[in-house]
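So the protein lines, in turn, are chains A and B.
Note that the first sequence covers residues 1 to 922 in my numbering.
Note that the second sequence covers residues 1001 to 1119 in my numbering.
FYI, nobody ran anything at the bench for these hints, they're computed from the structure.
Just to be clear, a hint being listed does not mean it is correct.
So the derived list for chain B, only partly shown, Cβ under 7 Å to chain A, looks like this [claimed, not checked]:
(1) Leu1049
(2) Gly1051
(3) Arg1080
Just the calculated beta-carbon pair ranges, DEER-fashion [claimed, not checked]:
(4) A:Leu17 with B:Pro1015: 23 to 29 Å
(5) A:Ala26 with B:Arg1109: 55 to 61 Å
(6) B:Ser1014 with A:Ser419: 36 to 42 Å
(7) A:Ala60 with B:Ser1014: 16 to 22 Å
(8) B:Leu1103 with A:Val25: 53 to 59 Å
(9) A:Gly327 with B:Leu1103: 42 to 48 Å
(10) B:Arg1099 with A:Leu17: 33 to 39 Å
(11) A:Asp225 with B:Ser1014: 43 to 49 Å
(12) A:Ala26 with B:Ser1014: 17 to 23 Å
(13) B:Leu1103 with A:Val444: 46 to 52 Å
(14) B:Leu1103 with A:Glu149: 42 to 48 Å
(15) A:Ser419 with B:Leu1103: 35 to 41 Å
(16) A:Glu43 with B:Pro1015: 47 to 53 Å
Covered by chain B, per the in silico footprint, the following chain A stretches (three or more residues, Cβ under 8 Å) [as the list claims (entries may be wrong)]:
(17) 273-279
(18) 288-294
(19) 360-374
All C-beta atoms, glycine included, are put in the ideal place defined by N, C-alpha and C.
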Amino acid sequence: MSVLRTLAEQLFRASFLAFPRRLRVAFAEEAREAFRADLQEREGARGRHGPLWFTVRATANALREGIRERIRRGPLPGHGATTQKTTRRKTMWGGLGLDVRHAVRSLLRSPGLTVAAVVVLALGLGANATVFSALKSTVLAPLPYADAEALVMADIVAFRTSRGERRVMPWSYPKFQTFAEAEGRLLDPVAGYGGRTGTISAPGDPERIHVEVVTPDYFRVLGVDMVLGRGFGPAEGDPANPPMVVVVSHGVWESRFGADRGALGSDVILNGRPVTIVGVAPTGFDGLSGGAAAWVPVLASEALFNRFMIRGARAHWMRAVGRLTEGTSFEEALAQIESMGASVEAAYPSSDPGWEYSTSARRLSDVRVNGRASSVVWLLTAAALLVLLVACANLSGLLLARSRQKGRDGAVRLAVGASRWRVVRGTLVESLLLALAGGALGVVLAIWGARGLALLWPRRFLSSTDRELRFMSPDAIAVDGSVLAFSVVISVAAAVAVGLWPALRASSVNLATTLKDGGAASRGRRGALDPRAMLVAAQVGLALVLVVGTGLVGSSIVRLLGEERGFNAENVLVFSYALPGSSAVSEDPNTFHDEFRERLLRIPSVEHVTSGCPPLRGHCWGITRVDALEGGEPIPQGEGPEIGITMAGDTYFETLGVRLLSGRALGPEDGLDGQPTGVINERAAQILFPGGDPVGRKIQVGVTGDGKEPLVEIVGVVENVMYDAPDQEQFAELYYSHREFPDRAIWMLIRTSGNPMDVVPMVRNELTQMATDVALAELTTVEEVVRGSVGDRRLLFTLMVVFAALTLALSATGTWGVVSNSVVDRRRELGLRLALGAGRQGVIGLVLRASVRAAAVGIVGGTVAAWTGSRLLEAFLYETSQSDPLAYGLGAALLMAVVVAAAWLPARRATRVDPVEALRAQ
Amino acid sequence: MTEYPDPADLLPLSPPVYHVLLALGGETMHGYAIMQAFRDMTRGSDLLLPGTLYATLARMVETGLLEEAPPPGTGGDRRRRYYRVTRRGTRVAALESARMGRLLDLARRRGFAPGKADS
């Protein structure tokens, strides 16, 4: 994978910084190329000869050689040392092994502290490794195509001249052809593709799969070679002879043919038609739209899907992707494509006068950006970094306490002539060992973390903002070499962050006082926070930032889930299926649907069964405009209010628990020949008939697009049902009876008395009895859909809760540790006070006061930081102000409570100091 | 002209220096090619890592064992530095090889290495 390679190269390049400038200038570039070439040769190898091991060795080697170069004057490496050189080397690096041994021994001597330190670091580093596993696949990973920078997406762009609105649209096949046949294109080859759902049956069980309908050059544009057979070519471009062929994914080849090479040339049944396998795609390739299991040539789509896909000049379903010709820049291609809009428009003029059409292009690498997903990932990265900072502050506190105990040790070493550097190095080696152990444990935590993250990952985060371009699979969120490399780097950074301060303090002790008073250094100035209290304040402040952010997002989720949705989500099962295009049952789909419904109703615990769009999944039939109101003002073409269309079965409103506001619901009498009827929602009633009663009135909406739509009589008004995401405005909606437009593909909704998932086996069984080549798809419950509707916020919130809890726990233990230590340090003073008659309360207050003061400093700083940082959260807040006083107030109170609770135990212990004991011990 | 130390003072050579001399032989190569040549010669059992290689090359040029040379033929890559062994380098390599030969001979007599001792 090339992220890994890039990371490895960066790591190696960074290690070259160890070299003196003179050599770096001369050799860094060449060395990097040599490294890269060697790395490439090792691709695929494992273990000692693999790229990972090589990277580690080469990097460590460059570091070592570089540092040697810096301290050496002699003629040849590794030999002929002058005396001067040896001494310098000795002082700089000599006895490093000794230091390591010393550090290991001293860490083992206090196992409690060591384990605590490793765990604290593992939490911080594990959080970062987990989030990085998502970051690399969402933001950093390059597109998985050869020379992906040359891939360009061409679009149709629609402008609404009156409102300055701009929409990027897919192509229709006839328009795409006009574009593809133009002379001297700078985008060559070019291909069109679009995703469709189809049913594959025989060999094997029927299954709903994602199929990409593509033009012959599709695989050539992407540079994808078949592992078996061929991709599409000129043979698939002959309209007179529609090719009934298919390229199947590696997965289909394995599961349905047992990876048999004889599969080539045999048939599979797709949507009831036999198609011949001409090729097998490589492992991991699943099309630009993602998840595709089969590819069919566009000319076969008439037989497999519907004829509009080829003939409809206004059926915009196809995306176009092409490769820049050799030596062409993107800007040149863009200019050419933009100039081609006119010829496309001339060939197929638009019927909508409010809109102007033109063509444009985007780099594929730009299109892949899913703004929402990358902001979530960057926010999580920031949150994880906060956790790590808290962990570092926490550990710093622990080591500082230790370095005070060890102060005497350091002082002795300094006194007998050790250099300051040696003492600093000793402490740094110790924190480095701790950090590497913590990092290793963190990686183990991240393996689980990444798994959990992949489960929580919202589906819409897998695609770019354009649904037709998917750029990652949830499996990509996993710990791999790049996560390991990242962990090593941040572990080392954390080690320096944690160890440097204690190290410098250990080396700058005042020899005389330390050796004399037995290591218990005197307290800092009164009034000023001592360093350990400052670390508590830092932990409290950083934790507050996370707690406040979590509170803000949480409050938004509560508000979103509390929005009036207009339906009862409890115990409703949803799924879809499609009848194959050619079978006998598809002649009259409604008869099939009705019989299936009758059978389902006989299942015990099933209360209602209906067809129709599930809520919160978008408008599954589409959005159109109201063209006319009977008896109303004429509406200029293309200017009428927008309205969503839903096909509803007879008990749709009952099944979903939608309230009828006036008139009647749709029933068996609707959708037959004669006067078309429909039901509208409250919002439509407000827009179309403000103040009046819509029942009995007639409207005309554009459904088929031929301008000859009949008037629809409104028979009822229902409550608004939420079809779009909860933070979007409520749409006007028109419900038709499902009999009005029979469709082979259909959504079914089943209300049950118990857990809806319990009836799934029986539902499957009924369907198999009716038809063997039809498969259930997109099976879920409405409750699950409701939870998914806050998906991206849920992901953000869940992780923030985990991170906030971690920082709270760390702050609590950090405070506890610091206060415990200070009680020990101040035993003499506290003992004196008690001996002089200070009360228990007084002593507890004295100890608590210091912690409260530190926490207060932290809270003030944290509030400012949280307020600044909450701006980044703005896009994820819903009816919650980023300066919501409740979130800040509760957060501050929570942290203060945690600190006081954590300081309470050691404070109580302080009152049990025996004055005589304490004074004598000194 | 730069005063170079007496070749004998350079012995024994450190492994990377000797490896580079062996890899280059009489040819002109750039750094990565030296790395590859060495790996091929030892069938991958020994590694010359880029960090060591370039540090070593710089030192060897400073001590006059190698010199920079124009790319051989027409296929050279101008962004890269090419090296060849100097006469002095050849001499040092010969001295080192002789020294090692003597050691190997001793080792054979003691039965540490297979083969027969020369004398």
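Verification of the hints:
no., hint, verdict
1, Leu1049, "holds, 4 Å"
2, Gly1051, "holds, 3 Å"
3, Arg1080, "holds, 6 Å"
4, A:Leu17 with B:Pro1015: 23 to 29 Å, "holds, 25 Å"
5, A:Ala26 with B:Arg1109: 55 to 61 Å, "violated, 46 Å"
6, B:Ser1014 with A:Ser419: 36 to 42 Å, "violated, 28 Å"
7, A:Ala60 with B:Ser1014: 16 to 22 Å, "holds, 18 Å"
8, B:Leu1103 with A:Val25: 53 to 59 Å, "violated, 39 Å"
9, A:Gly327 with B:Leu1103: 42 to 48 Å, "violated, 60 Å"
10, B:Arg1099 with A:Leu17: 33 to 39 Å, "holds, 37 Å"
11, A:Asp225 with B:Ser1014: 43 to 49 Å, "holds, 47 Å"
12, A:Ala26 with B:Ser1014: 17 to 23 Å, "holds, 20 Å"
13, B:Leu1103 with A:Val444: 46 to 52 Å, "holds, 48 Å"
14, B:Leu1103 with A:Glu149: 42 to 48 Å, "violated, 56 Å"
15, A:Ser419 with B:Leu1103: 35 to 41 Å, "holds, 40 Å"
16, A:Glu43 with B:Pro1015: 47 to 53 Å, "violated, 28 Å"
17, 273-279, "violated (count 0)"
18, 288-294, "violated (count 0)"
19, 360-374, "violated (count 0)"
Against the hints set out earlier in the document, violations occur for numbers 5, 6, 8, 9, 14, 16, 17, 18, 19.
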